[in-house]
Amino acid sequence: MPQMKFPGSLIPKGTSSSRKNSSPKKRALNILPVAASTLVLVIGFFSLPTILVVDLSIQDAVRPPPPKFTITVDPANKTIIENPQVEALLDVKPTSLTAAAIQADNIFTKVAVAISNIPAYRQLAGANTLFITIKPGYRKEQVAKLIGDTLGWTAAERAEFMKHAAARDTDLPEGQFVPGTYFLSVTDPDDVELLLNHRFQEDILARYSTSTEEQVPVADALTVASLIEREAGGWDDMRLISGIIWNRIFLGMNLQIDATLQYAKANATTGKQGTWWPPVVPKDKYIKSRYNTYQNKGLPPGPIANPSVAAVVAALNPKKTDCLFYFHDADSQFHCSPTYEGHVKLLKKYYGRGK
0 MPQMKFPGSL
10 IPKGTSSSRK
20 NSSPKKRALN
30 ILPVAASTLV
40 LVIGFFSLPT
50 ILVVDLSIQD
60 AVRPPPPKFT
70 ITVDPANKTI
80 IENPQVEALL
90 DVKPTSLTAA
100 AIQADNIFTK
110 VAVAISNIPA
120 YRQLAGANTL
130 FITIKPGYRK
140 EQVAKLIGDT
150 LGWTAAERAE
160 FMKHAAARDT
170 DLPEGQFVPG
180 TYFLSVTDPD
190 DVELLLNHRF
200 QEDILARYST
210 STEEQVPVAD
220 ALTVASLIER
230 EAGGWDDMRL
240 ISGIIWNRIF
250 LGMNLQIDAT
260 LQYAKANATT
270 GKQGTWWPPV
280 VPKDKYIKSR
290 YNTYQNKGLP
300 PGPIANPSVA
310 AVVAALNPKK
320 TDCLFYFHDA
330 DSQFHCSPTY
340 EGHVKLLKKY
350 YGRGK
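Residues 0 to 354 in numbering that gives the first Met the number 0 are what the sequence shown spells out, letter by letter.
Errors might be hidden in some of the hints.
Stated by the list, open to error - Only pairs whose alpha carbons sit at most 25 Å apart, straight line, appear in this in silico DSS-like list of lysine-lysine:
id : residue 1 : residue 2
1  : 296       : 282
2  : 284       : 296
3  : 77        : 319
4  : 296       : 77
5  : 162       : 134
6  : 271       : 284
7  : 144       : 271
8  : 319       : 344
9  : 271       : 287
10 : 271       : 162
11 : 67        : 134
12 : 67        : 319
13 : 319       : 296
14 : 271       : 134
15 : 162       : 144
16 : 282       : 271
17 : 344       : 284
18 : 347       : 284
19 : 67        : 77
20 : 282       : 347
21 : 134       : 144
Because the hints were derived from the structure by calculation, they are not lab data.
Given the sequences, and given the hints that come with them, work out the whole structure.
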């Protein structure tokens with residue numbers, strides 16, 4: 000039988016050779032680069048917490064002594080001093096003075112902290128690198144819960160941590176835990192409290208000169224700073240709110256700050272269901288508490304939260320303003336007025352009501 004011939008166009012090109020080139024060995028070789036790249040990415044991903052530890056250690060080792068706090072408020076003479084040099088420094092976010100607050104907002108830090116809390120990461124051999132990030136404006140109870148949840152503390156260990164913090168000779172019920180990111184190289188409640196106190200000594204007390212203490216005691220500065228922290232929408236608002244707070248203090252006015260009502264309300268319910276900053280309703284203005292700044296003149300007995308270094312800077316260096324009233328609108332924009340009538344007018348403009 001004669002051999003049949005097919006047109007070349009009908010013969011699948013490279014049929015036999017393609018099958019030979021697609022052998023299991025060849026496919027395995029093709030997969031190797033992908034697998035290697037994936038492995039490198041995984042190793043890099045899980046190495047971020049270790050890199051952060053090294054970064055924090057280097058920062059601690061090489062950073063110079065922190066600059067002393069500047070101060071432009073004079074409570075004794077009821078004045079806010081205008082200092083062009085200070086204004087030039089503080090008109091932009093002062094990174095040299097707010098490192099702790101800025102560090103907490105760093106995306107690399109956030110990712111590294113998140114990775115360190117992944118169960119799979121913790122199960123890796125030697126993966127004992129744990130971090131916490133204390134957010135500005137946290138109460139001490141929130142800090143204790145954050146640390147306790149990270150380290151797996153019992154209720155008794157959390158209570159021990161709080162006890163050690165309360166035993167400090169600063170006589171501050173709040174305000175001793177500087178916001179920022181911490182590498183938890185220890186787990187004992189006493190040792191963790193020492194770690195946090197060391198940051199407080201470095202970032203706050205070491206920057207507080209004797210002359211500043213005589214002008215505005217550190218307890219008062221932290222109290223004002225805590226009010227600013229809970230009320231401000233960011234650095235741009237902080238110094239203006241500070242100026243308004245000091246203006247009201249100079250005039251003997253009640254501060255009427257809602258955040259103090261939240262603090263007093265949560266104290267009365269011991270943070271029921273973990274709500275340490277409950278919404279404020281009109282009847283809360285009549286809460287019987289020394290922290291109620293609607294009912295009591297002057298500053299509350301102490302800080303209501305843990306303020307950032309930025310808030311402390313703002314407390315000591317308020318913006319000179321004639322405003323006495325303020326609020327944030329629905330878009331978080333800040334508005335202030337020197338008169339109550341002007342305040343009501345602005346409220347009606349942005350909210351359609353006010354009294």
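Each hint tested on the structure:
1. With a C-alpha separation of about 19 Å, the suggested pair residue 296 and residue 282 falls inside the 25 Å cut-off, and the hint holds.
2. For the hint linking residue 284 to residue 296, the alpha-carbon distance of about 13 Å falls within 25 Å, and the restraint holds.
3. For the given pair, residue 77 sits about 12 Å from residue 319 by alpha-carbon distance, which is consistent with the 25 Å threshold.
4. Distance check on the hinted pair: residue 296 and residue 77 sit about 16 Å apart at the alpha-carbon level, within 25 Å; holds.
5. Among the hinted pairs, residue 162 with residue 134 is consistent with the structure: their alpha-carbon atoms are about 21 Å apart, no more than 25 Å.
6. A distance of roughly 19 Å separates the Cα atoms of residue 271 and residue 284; the hinted pair therefore holds under the 25 Å criterion.
7. Restraint check for residue 144 and residue 271: the C-alpha separation of about 14 Å stays at or below 25 Å, so the hint holds.
8. Annotation: proposed proximity of residue 319 to residue 344 holds, straight-line Cα distance about 23 Å (limit 25 Å).
9. At most 25 Å may separate the alpha-carbon atoms for a hinted pair to count; residue 271 and residue 287 meet this at roughly 18 Å.
10. For the suggested pair residue 271 and residue 162, the alpha carbons sit about 21 Å apart, so the restraint of at most 25 Å is met.
11. About 23 Å separates the Cα atoms of residue 67 and residue 134, which keeps this hinted pair within 25 Å; it holds.
12. For a cut-off of 25 Å, the pair hint linking residue 67 to residue 319 stands: about 21 Å separates their Cα positions.
13. Taken as a hint, the residue 319 and residue 296 pair is honoured in the structure, with Cα atoms around 22 Å apart against an allowance of 25 Å.
14. Restraint check for residue 271 and residue 134: the C-alpha separation of about 21 Å stays at or below 25 Å, so the hint holds.
15. Distance hint between residue 162 and residue 144 is fulfilled; the C-alpha atoms sit about 14 Å from each other, no more than 25 Å.
16. The suggested pairing of residue 282 with residue 271 holds, with an alpha-carbon distance near 18 Å, which does not exceed 25 Å.
17. Restraint check for residue 344 and residue 284: satisfied, since their Cα atoms lie roughly 22 Å apart, inside the 25 Å limit.
18. With a CA separation close to 22 Å, the supplied pair residue 347 and residue 284 stays within the 25 Å bound.
19. A hinted pair counts as satisfied when its Cα atoms are at most 25 Å apart, and residue 67 with residue 77 qualifies at roughly 23 Å.
20. Of the supplied pair hints, the one linking residue 282 and residue 347 holds, its CA atoms being roughly 22 Å apart against a limit of 25 Å.
21. Only pairs whose Cα atoms come within 25 Å are accepted, and residue 134 paired with residue 144 is accepted, the gap being roughly 13 Å.
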